[in-house]
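Student: Spelled out from the first residue to the last, the chains are:
Protein chains: 2
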Amino acid sequence: LLTTSQRERIEVVLVAPRNPLNIGAAARAMANFGLTTLSVVDPFERTWREARSAVGAPDLLLNATESTSFPETLARCTLVIGTGSLTYRKPEQPIVPLPELSAVVEAELQRGGRVGLVFGPENHGLSRDDLSYCHLIAVIPTCDQQPSMNLGQAVAVCLYELTTRASVSPHQPVQPIPSAPILPNRAVSGNLEIMTGLIERTMLAAGYSPKGMQEANRHDLRLLLRQLNLTEHDARRILGLFRRILWRLERNPGGHPRA
Amino acid sequence: LLTTSQRERIEVVLVAPRNPLNIGAAARAMANFGLTTLSVVDPFERTWREARSAVGAPDLLLNATESTSFPETLARCTLVIGTGSLTYRKPEQPIVPLPELSAVVEAELQRGGRVGLVFGPENHGLSRDDLSYCHLIAVIPTCDQQPSMNLGQAVAVCLYELTTRASVSPHQPVQPIPSAPILPNRAVSGNLEIMTGLIERTMLAAGYSPKGMQEANRHDLRLLLRQLNLTEHDARRILGLFRRILWRLERNPGGHPRA
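Chains as they are written, first to last, in my numbering: chain A, 1 to 259; chain B, 1 to 259.
Keeping only pairs whose Cα atoms sit at most 25 Å apart, straight-line, the calculated SDA-like set for lysine to any residue is:
1. B:Lys211 with B:Leu241
2. A:Lys211 with A:Ser127
3. A:Lys90 with A:Glu100
4. B:Lys90 with A:Leu1
5. B:Lys90 with B:Asp220
6. A:Lys90 with B:Leu1
Just so you know, the hints here were simulated from the structure itself, not pulled from any lab data. Bear in mind that the values here come from a model prediction, so they are computed numbers and not experimental data.
Isolated chain A, as found in the complex (with noise of 0.2 Å):
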């Protein structure tokens, strides 16, 4: 089982919910499971107010944040993971299957990182630019007959496996996944997009991204900068360094930097 202080250092995230109904029984599996933190990104309004104001709501529901930007409600996160059904698309990142996933949050958490986990909308889930914010996808082992779970209880299924499964019996020993991306203190989120704007700023002052390919580079980019499984010692040298070219480039537009 988790401590307190682990489960606290879980981010639950749903990303344009469309049924109040989901929105409470995510918060009500986050009071079960002991978890505390409910971001709530871009939710349909009057979804938003009814979720909150149903009859026995959970406290960490009145709590929950809400935002319109995706990459700041993971901004603290080292490690983000999407869930999803991978019906309909071949997926870009790491796939972990759920029954996998505690050893990897475990290991995350035990070395102090803070794991966000997203889910999205209850009609077509997580786009393929919100899965570019994500480290990992982790998929429930559903029927293909019918793949598709009802949010509130994927939230219920994930929190479970997370919460109660690590590290449960002797026979059960916490192993990293060899896939999966487990290295000290990984870089947060927030740094991550941070470095994903400089460099881009950078191929743009080089001269070196057309500005059609602008979008395209710039969701490699964050795909490529999470594959990379950066400390954040790491992230801040690279940040350190894009700065100072950046610095230089657009001191000197269109002309090579001086010695």
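Once you have looked at the hints, place chain B on chain A.
Tutor: Relative to chain A, chain B alone:
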């Protein structure tokens, strides 16, 4: 992962559900995890009608069995598992934390048994009487502050555990849990119930059971017979013996059986 044939031998039983959305959610979780047999005992009539007429109700809900007899519903099961949160009473059955349940259920299915997974009504869960038909109680490890799960979410979490955690990885060999009743060819619930009635009638015929004690005896008998872990072979021999005893006793009431 369980095979299709194993999944077909897990029955989900909802006792007196009150909210049609919860019945729908239970059915949807069953479809997600590949189960097909749903029984509903004593549903509120309107609840049941609304659940089945909901848009997108899965086939298994339309094919679900409605019953007024809990023991009849369970008659073919060889292992009956009640679910609950154990906050307000000390149960009379062995308790298995949900994360340890899949090994028990898998062993039962591997030897050809049939498993009933029983969920009580939303407001107060399974009664002491309902639980007397259960071999085990499975408990989801929730927080003390908010132990009680939503019914649809509890079903999803239990089915996730049972269908996807079984033999999930080489680190987690399937081992019989020592405290759990594991024996070949466990007797079906229907025969245990016939046995309960027969032994009770025998006690009465033998003048052993005062009328006032009858209810309590019946309850204790049910508990006892489930803890014995009788095989189907045992069950048939015991039934034969008691039928014979009863025939002799009832032919010769009040006196001594003739040689």
